[in-house]
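Chemist: Chains as they are written, first to last, in this note's numbering: chain Y, 4 to 259; chain V, 21 to 346.
Keep in mind the hints are simulated off the structure, nothing from the lab.
All residues carry an ideal CB built from backbone N, CA and C; glycine is no exception.
Any given hint might turn out to be false.
Subject to a maximum C-alpha distance of 25 Å in a straight line, what follows is the list of computed SDA-like cross-link-like pairs (lysine to any residue) [claimed, not checked]:
#: 1; chain 1: Y; residue 1: Lys31; chain 2: V; residue 2: Ser181
#: 2; chain 1: V; residue 1: Lys196; chain 2: Y; residue 2: Ala83
#: 3; chain 1: V; residue 1: Lys198; chain 2: Y; residue 2: Leu226
#: 4; chain 1: V; residue 1: Lys319; chain 2: Y; residue 2: Glu161
#: 5; chain 1: V; residue 1: Lys161; chain 2: V; residue 2: Glu131
#: 6; chain 1: Y; residue 1: Lys239; chain 2: V; residue 2: Lys319
#: 7; chain 1: V; residue 1: Lys196; chain 2: Y; residue 2: Arg184
#: 8; chain 1: Y; residue 1: Lys239; chain 2: V; residue 2: Leu337
#: 9; chain 1: V; residue 1: Lys114; chain 2: V; residue 2: Glu47
#: 10; chain 1: V; residue 1: Lys285; chain 2: Y; residue 2: Ser28
#: 11; chain 1: V; residue 1: Lys167; chain 2: V; residue 2: Lys216
#: 12; chain 1: V; residue 1: Lys114; chain 2: V; residue 2: Glu308
#: 13; chain 1: V; residue 1: Lys216; chain 2: V; residue 2: Val128
#: 14; chain 1: V; residue 1: Lys196; chain 2: Y; residue 2: Ala232
#: 15; chain 1: Y; residue 1: Lys160; chain 2: V; residue 2: Gly199
#: 16; chain 1: V; residue 1: Lys161; chain 2: V; residue 2: Arg174
#: 17; chain 1: Y; residue 1: Lys31; chain 2: V; residue 2: Lys167
#: 18; chain 1: Y; residue 1: Lys160; chain 2: V; residue 2: Glu308
#: 19; chain 1: V; residue 1: Lys196; chain 2: Y; residue 2: Leu226
#: 20; chain 1: V; residue 1: Lys319; chain 2: V; residue 2: Asp188
#: 21; chain 1: V; residue 1: Lys275; chain 2: Y; residue 2: Gly235
#: 22; chain 1: Y; residue 1: Lys239; chain 2: V; residue 2: Glu308
#: 23; chain 1: Y; residue 1: Lys31; chain 2: V; residue 2: Lys196
#: 24; chain 1: V; residue 1: Lys319; chain 2: Y; residue 2: Phe169
#: 25; chain 1: V; residue 1: Lys285; chain 2: Y; residue 2: Ile243
#: 26; chain 1: V; residue 1: Lys167; chain 2: Y; residue 2: Ser28
#: 27; chain 1: Y; residue 1: Lys239; chain 2: V; residue 2: Gly195
#: 28; chain 1: Y; residue 1: Lys160; chain 2: V; residue 2: Arg259
#: 29; chain 1: V; residue 1: Lys287; chain 2: Y; residue 2: Leu226
#: 30; chain 1: V; residue 1: Lys196; chain 2: Y; residue 2: Gly162
Which chain Y residues face chain V? A few, computed with CB under 10 Å, are given here [as the list claims (entries may be wrong)]:
#: 31; residue: Leu159
#: 32; residue: Lys160
#: 33; residue: Gly162
#: 34; residue: Phe164
#: 35; residue: Arg170
#: 36; residue: Leu172
#: 37; residue: Pro173
#: 38; residue: Val175
#: 39; residue: Asn176
#: 40; residue: Arg234
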Amino acid sequence: MDRWILFTAVLLAAAAALHGARYLSRGKRSRWTVMWMLGSFACQFIVLGLRSELRGSCPLGDIGEMFIFASWALTMCYLAVGSVFRLSLLGVFTAPLVCFLLSMALVPGMLESNPLSANHIDGWRESHAAFSVLAYGALGLAAVSAVMFLVLDQQLKEGDFAKGLFRNLPPVNELGLVVRRLLWLGLFLLTLGVISGLVMKASGDSQSRHLFAAAGQWVAYLLLLFISAWRGLPLKRFAIATVILFFCSLLIFALL
Amino acid sequence: MDLICMGLNHEAAPVQVREHFAVEADEQGVRAREIIALSTIAESVVISTCNRMEVYVAAEQADRGIEYLTAYLAKNRDQERMNYLYTKSGEDVKRHLFKLVSGLDSMVLGETEIFGQVKQAYKQALEAGATKGVLNKLFQKSFAVGKRVRTHTRIQMGQTSVGNVAVDLAEKIFGKLKGSEVMVIGAGETSRLVAKSMMSRGASGLTVTNRTMSKAEDLAAELDGTAVPFDQWENVLSRVDIIVSSTGSSEPVLKAAQIQAVRRKRKYRPLFIIDIAVPRDIEAAVSEIDEVYLYDIDKLQHLAEEARESREHQVRLCEKIIEQEL
Numbered sequence: 004m005d006r007w008i009l010f011t012a013v014l015l016a017a018a019a020a021l022h023g024a025r026y027l028s029r030g031k032r033s034r035w036t037v038m039w040m041l042g043s044f045a046c047q048f049i050v051l052g053l054r055s056e057l058r059g060s061c062p063l064g065d066i067g068e069m070f071i072f073a074s075w076a077l078t079m080c081y082l083a084v085g086s087v088f089r090l091s092l093l094g095v096f097t098a099p100l101v102c103f104l105l106s107m108a109l110v111p112g113m114l115e116s117n118p119l120s121a122n123h124i125d126g127w128r129e130s131h132a133a134f135s136v137l138a139y140g141a142l143g144l145a146a147v148s149a150v151m152f153l154v155l156d157q158q159l160k161e162g163d164f165a166k167g168l169f170r171n172l173p174p175v176n177e178l179g180l181v182v183r184r185l186l187w188l189g190l191f192l193l194t195l196g197v198i199s200g201l202v203m204k205a206s207g208d209s210q211s212r213h214l215f216a217a218a219g220q221w222v223a224y225l226l227l228l229f230i231s232a233w234r235g236l237p238l239k240r241f242a243i244a245t246v247i248l249f250f251c252s253l254l255i256f257a258l259l
Numbered sequence: 021m022d023l024i025c026m027g028l029n030h031e032a033a034p035v036q037v038r039e040h041f042a043v044e045a046d047e048q049g050v051r052a053r054e055i056i057a058l059s060t061i062a063e064s065v066v067i068s069t070c071n072r073m074e075v076y077v078a079a080e081q082a083d084r085g086i087e088y089l090t091a092y093l094a095k096n097r098d099q100e101r102m103n104y105l106y107t108k109s110g111e112d113v114k115r116h117l118f119k120l121v122s123g124l125d126s127m128v129l130g131e132t133e134i135f136g137q138v139k140q141a142y143k144q145a146l147e148a149g150a151t152k153g154v155l156n157k158l159f160q161k162s163f164a165v166g167k168r169v170r171t172h173t174r175i176q177m178g179q180t181s182v183g184n185v186a187v188d189l190a191e192k193i194f195g196k197l198k199g200s201e202v203m204v205i206g207a208g209e210t211s212r213l214v215a216k217s218m219m220s221r222g223a224s225g226l227t228v229t230n231r232t233m234s235k236a237e238d239l240a241a242e243l244d245g246t247a248v249p250f251d252q253w254e255n256v257l258s259r260v261d262i263i264v265s266s267t268g269s270s271e272p273v274l275k276a277a278q279i280q281a282v283r284r285k286r287k288y289r290p291l292f293i294i295d296i297a298v299p300r301d302i303e304a305a306v307s308e309i310d311e312v313y314l315y316d317i318d319k320l321q322h323l324a325e326e327a328r329e330s331r332e333h334q335v336r337l338c339e340k341i342i343e344q345e346l
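Chain Y on its own, in the form it takes in the complex (with noise of 0.2 Å):
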């Protein structure tokens, strides 16, 4: 059952993929873009529901439920910045990474069938893991507006200005203060996640090896935002950067 509405949501996010990219290469903006994702975020977020139930505690317990919750706070970060910053265009660039993300999930082996139920809560391991995830819901969002920042760039630099795509992108400044403010957001949230994760019960290598992956990474993203700020970089190598961070983020997941 719920790999049929795992399966719906990657459908959806693909519609709103190809939907929004059909309507974008004739220089216009789909509306439509953002109900097919709206639809793929209540299909994860039922799934997530189903997973809950099963396994009587938040569903992070295998590498398919992550995958899943990643998804669900990516789509989640960008119905909510999508609109703030009138970037609806950021649809057409998140949907492939939700698209992606979920399918991974559905990779046979990623989502376990029978799920163990939880004998035992342990609320700092919950948090942490509900925290580090919805931090990467905030960093992929970064990591797509960099793309797009990136896009744009190339296209100013090269003269290209006939395709539909340029007159739809935002402003070059515009995307550097979105990726700015959801690295701080990601930031935030992944803080929390890692003094969540300091403070519950290690049990084992792996954990160990993961939170402290995970504080690399914490460190890696407080340097690139602290050299931004205090001497400047220019937004072409900070968008480069956010870019790898976030790709280099996803090996912690090899890690759990």
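Fit chain V to the given chain Y structure using the hints.
Modeler: What follows is chain V alone, placed relative to chain Y:
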């Protein structure tokens, strides 16, 4: 009721004739009211812009309406000037008005200002009590058609003048220009126009420099900016966001090394440079700096030309919509 339109525009008459027929912006309602006092004319709207003066009337009899309206317009005007007037009636009036509000009859094809000007003229006539059922219906319909044309075609897409192309690009980089600082190197006519466009869209500061200081001071005074001596403009480089350069120098005026030197001080903020000069004022290597967006006059002119061609291609589509609405 018969519809009549009498007037002249930039295609029909030179500016010396147009200015003779021009009506002051806040006088359009008064004139419309005067016209309905004429026999057989029940309703009237007077539209006067820098490119046209047109009178739209609803008359009980078209031929008598034209006769009285001609007589009204001929007051204090010689026959030579009157010969420039065109007269339209019936469906042609509707077609002409729909084209007018859609920007198809404008000097700059597809421009949007005319929509607001017609609306303003109609509002004045309405408030002066010069319109009733026929013209109210016609003008309301024309506004709906104008909106439909602009929504369903690309008639207004792109900018057709170099100044506006530059402003659009600046807005693509900085968003709103409010708070942006502009520096003009060389006080030529094109750079004056570009700087003027930037200031009119909200740029907050302007610095002008020129080898002849008096020219820099004149331009700075005109655009409410500051003039700096030509040997001191580098000091301003760290705080400006937009540079417009158009000197007659045969050597590059701005080199990559000069920008590299102030990058840190600028905190790597985006820098938009427009090089209007031939030979070019800005060293080509400047465009390789990450945060610099450099464009020369050819690029801007090419973009303006592309927009003009695109608008011309859209005319047929616009006319099709107008025919459907008639």
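Chemist: Output the numbers, in ascending order, of every earlier hint that fails for this structure.
Modeler: 3, 8, 10, 11, 12 and 19
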